[in-house]
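Chains as they are written, first to last, in numbering that gives the first Met the number 0: chain W, 0 to 132; chain E, 0 to 436; chain D, 0 to 567.
Do not rely on the hints blindly, as some may be mistaken.
[To be verified] Here's a subset of chain W near chain E, in silico, CB distances under 7 Å, partners left out:
1) R10
2) E23
3) P25
[Claimed, not checked] Only part of the chain E face toward chain D is listed, based on derived beta-carbon distances under 7 Å:
4) E20
5) V23
6) V129
7) Q130
8) I134
9) P135
10) S136
11) R145
12) D147
13) W305
14) P310
15) P403
It is worth saying that the hints were derived from the structure and are not from the lab. Every residue gets a Cβ at the ideal spot worked out from N, C-alpha and C, and that includes glycine.
Here is how the chains run, residue by residue.
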Amino acid sequence: MAISVNLITGRTIQQGVSMEAGKEKPAYTTACGIIELDPVDFKRLGAYRNTHVRVTSDYGSVVVKAVEATQGPHPGVAYIPMGPWANMVVNPNTYSTGMPTFKGTPVQVEVAKNEPVLGSLELVRKGCRGELA
Amino acid sequence: MTKTVTDVICPFCGTLCDDLEVVVSDDNKQLLEVYNACAIGAEKFLHSQAKDRITRPRMRQEDGSWKEISYDEAIEYTAKMLADAKKPLMYGWSSTNCEAQSVGSEIGEAVGAVMDNTATVCHGTSLIAVQDIGIPSCTLGEVKNRADRILFWGCNPAHAHPRHMSRYSIFPRGFFTGKGHASRKVIVVDPRPTDTASIADVHLQIEQGRDYELLDALRVAFKGEKLPDVVAGIPKAKIYEVAETLKSGRFAIIFFGMGVTQSIGKNHNIDAAIAVTRDLNEYTKAAIMPMRGHYNVTGSGQVWGWLFGFPYAVDLSRGFARYNPGETTSNDLLRRDEVDAVFVLGSDPGAHFPFSSVKKIYDLPSVAIDPHETPTTEVCKVHVPVAFVGVEIGGCAYRMDNVPIETRKVVDAPEGMMTDEEFLTHVLARVKELKGV
Amino acid sequence: MAEFLIKNGFVFDPVLGIKGDKADIAIKDGKIVETTALSSPKIIDASGKTVMAGGVDVHAHVAGPKVNIGRNFRPEDKLFTYKPGHGIERMQGGFSVPTTLRTGYNYARMGYTTVMEAAMPPLYARHTHEEMRDTPILDQGAYPVFGNNWFVLEYLKNHEIENTAAYIAWLLRATKGYAVKVVNPGGTEAWGWGLNCDNVHDPVPYFDITPAQIVKGLIEANEYLGLPHSMHVHANNLGNPGNYTTTLDTFKLSEGIKPNSKFGRDQVMHHTHVQFHSYGGDSWANVESRAKDIMAYVNSHDNLTIDMGQVTLDETTTMTADGPFEHHLTELNHLKWANADVELETGSGVVPYVYSPNIKVCAIQWCIGLELALLAKDPMRVFMTTDHPNAGPFIRYPRIMKWLMSEEARKQQFDAFKHKDKVIEATNLAGIDRELDLYEIAQMTRAGPAKSLGLSHMYGGLAPGLEGDVAVFDFNPNEPYAPDAIETAFSNAECLFKAGVQVIDDHEIVSNGNKRTLWVNTKVNENPQVMRDVKEKFLRYYTVTLNNYEVSGHYLPNPYVIEVDATQ
Ligand code: SF4
Ligand SMILES: [Zn+2]
């Protein structure tokens, strides 16, 4: 069963460190290929911590690992660190300001146990080639 | 044997710490240790030493594989691509020095490019707001020495600017703030109880996207006027209390970040935040500052300011500079198919633009200049690795408060690698030949 | 290097004392030479034209942080004014705050070759130098600001002149600065708390020193060192009705102090944009000109020079290190306001402003500026400026020439004022019939400022040995002309030579010249106390380290260092 949450993105120190260590490395995926959910939302979703989930918005879809909020509680708000995973689903509209709407995208989250979380390069490459499911 | 280089500048975030110490081998070839930096800054220095680093330009082949090419070939491809394009986008410019930005600007002028920097996805909306209402601000030392009211709005320095709090805003003992943290009241406004909020005296857990309302409510509260019971999820008593805390300070500073610039409302949120600051100056002294992200995004706005008169989103394609965010900004241009080539330097739009924009880069002739392998290099036709600015080459960078600091070279780049400025200088010369100017 | 002979022009040169007589000017190896020294020069036929030395601007805000704030926060200033690249000129934009390229080109078009940036925040010196580097053609220097600097406040509280001097020498070297600038002494530090110093005796919060002590102390330190320029001040209380008394009080601080400089200047104080400091009355309703009182003082004290700060009746961008003033201004006009306080050193503010001929006060300000120049007994001590861009953009200098040279032009402007009668009543200008001649203009724009800057050995005249900075204007002073012809001719030099390089040929910019940055390197006796204080303040209060503070060489690709020895 899918739940609806309000998605925001932003920097985390793990995102910063792993990005500087190399976006092609697995550590970057570990740091950014995740969605932070509140315990209340985990309950709604009916999923364990560290399960893969599919996040879908009006603008796209991506598989990431669901982890418990590190800076919570924030029920109803979900957090994906800034990066290619978040950018698959954020609202790209700028409404004539130049700025995509990176924060405040309504998304659906559903369990996707058996789908892989792709690395950043693969994710972007497959996306560009239309090879993503 | 090793030696220690002091007063090293960290080329990662807009905090632009300049007190790092770096241990290097005597022959300047190896960087061994980094002191005083935060985890991100240290990683930036150490990663430059990665054994698997790409040191030569490469070009994407039909079958999707990379082929190594020479710098000369990369220069030729880049110059041709830019010269042939009707309206190329030259994007990035935030993780490089002002010297490279300056050469890049001349290329942009010669080929009629749109010049845009990472402000376009960061504080571009702040720049728009400043054009509407101005900005009472100050250097970070004023905060350190005077500020007794610190408000972080929609920013999380504990994660994004890790040493900001210890160097400038919360903990340092300044001239009039001798008790450090104890001299200050700290307020955080954020939809999440962030690690920054956990150090604050007050955390207002605002409903996401309701910044404008809460900012306006503060303006109402300053005047002692009536508020609804709850604004943006915050009870009015709390709002009056925070308003009073700010007014009663001797020097208040508001730092703001992506929480306000990227949420719906965008530049209007910043307008309101600056209006709050203006209002506060009726009662006490107050300043406001954007928490600029990349270590030299501020510098590229400065360089373009003096060369073109605009801080970002500068369209040179008609032979003179135009500026119209929403039209001349990267994501709008890409999504509307208005550019026909993409040049990226000193940023990673592949990772940090919405995917619909990334796909457009993939579909176009494109070059990425970056020391790292990134999602951008992954979607571009040519990747040109270069020396790390601030590690392997010096040059000027502007801190988030616009203070210019000259970054230092601490080690040599791997044999035969070009710097941003060198590469651009060659491209400029070749572009001029191609354009006959 | 090329040789040039500018033949048969009507020459106006206060240095040679030529008042419009026909003369030939020779240039060789970058300098003015005797005509006999040339062998095969390029001949410039200047017959029927006006020949002068390159103009020298003592005070303009053309480079640095607050100028760039003005550019970046006013996209509207670029509307309708952008010019694409052309020939060797790159694209250029901006009206009141032009891009650096336009700054260089437009000054050159007016026949100017030397322009001093009037206020450099030391912590932002690198930025200021980057902009000057990207300003073509002009020789430039920048004045670091000292009047609210914590070192200075602490030393001068105890009248420690020697320490102040040692600190000045150190800071000039660290910032590659040219002169000692003072803006709203003490007031900008007070603005750190949202306060101000309203007069010369109003103490600075915490520091327990008065603006009078700061100004006097800095004059003494400046003379102790024997710097090329004098202390250069923008006094307290700028822009307020009744402020002329503060201005006179400030002037008086120079009394009894003699210049000690090998650089040929006679003044110990330069007071800038005096128009903004010459107001009587006690409110905007009854504000009036006090230019007569001001000029009575200036005319009778020859250790003082001033510049005008002439209002040009344009929409412009005000910018000053006088932070509290800009806040005051935004409260008056409700336009956008930028403020930038700088740790331990200074502050600044930026606010757009519209000087409308329909507003009485603006018209009064216009009169006051012109009165200062027209009441001047010695044009060698009263210089033409607009405090660019504060009272108007520098491109209006030729229009100011027109107003100064033609009573008819002034009458036309009076007639265009909405409140003409009230303006005439509040000012003296309508009763002044003096018309300056080009010789006096050359004193106010060339020889005078060059001498005041201590640069009369380089600029401001056409005597052999001086820099080959020469302008030729399409203007025949011996034939009848309409006032507007002055503005047209002096906005658009026919030829310009800068250090012997032809920069303008037939009104076209043909070279980016060989721009130099002037700075003053002062040798002082070792002063361990000051060096200890510097170390301590950087360690404890600055947010950059001492080793990252000094501006290094590559920001000044073509420096011109003026050496001063103050070790005795
Ligand atoms: S806070 Fe920013 S500038 Fe300072 S060390 Fe960390 S990443 Fe570098
Ligand atoms: Zn000025």
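Here is what the structure says about each hint:
With a least beta-carbon distance of about 4 Å to chain E, the hint placing R10(W) at the interface is held under the 7 Å criterion. Below 7 Å, beta-carbon pairs count as interface contacts, and E23(W) has one with chain E at about 5 Å; its hint therefore holds. At a threshold of 7 Å, the smallest CB-CB gap from P25(W) to chain E is about 14 Å, leaving the interface hint violated. Interface restraint check: E20(E) against chain D, minimum CB-CB distance 11 Å, threshold 7 Å, status violated.
At about 17 Å, the closest approach between the beta carbon of V23(E) and any beta carbon in chain D exceeds 7 Å, and the interface hint on this residue is violated. Taken as an interface hint, V129(E) checks out: its beta carbon lies about 5 Å from the nearest beta carbon of chain D, inside 7 Å. Against a cut-off of 7 Å between C-beta atoms, the interface hint on Q130(E) holds, since the closest Cβ of chain D lies about 5 Å away. Against a cut-off of 7 Å between C-beta atoms, the interface hint on I134(E) holds, since the closest Cβ of chain D lies about 5 Å away.
For P135(E), the interface hint holds, the least distance from its beta-carbon to any beta-carbon of chain D being 4 Å, beneath 7 Å. At its closest, the beta carbon of S136(E) sits 6 Å from a beta carbon of chain D; the interface hint therefore holds under the 7 Å criterion. Look at R145(E): its Cβ gets to within about 6 Å of chain D, closer than 7 Å, so that hint holds up. Taking 7 Å as the C-beta cut-off, the interface hint given for D147(E) is violated, the closest approach to chain D being about 11 Å.
Because the closest C-beta pair between W305(E) and chain D is about 5 Å apart, less than 7 Å, the hint holds. Using the Cβ-Cβ criterion of 7 Å, the hint placing P310(E) at the interface with chain D is satisfied: the shortest such distance is roughly 5 Å. Look at P403(E): its Cβ gets to within about 4 Å of chain D, closer than 7 Å, so that hint holds up.
Checked against the numbered hints above, the structure violates hints 3, 4, 5, 12; every other hint is satisfied.
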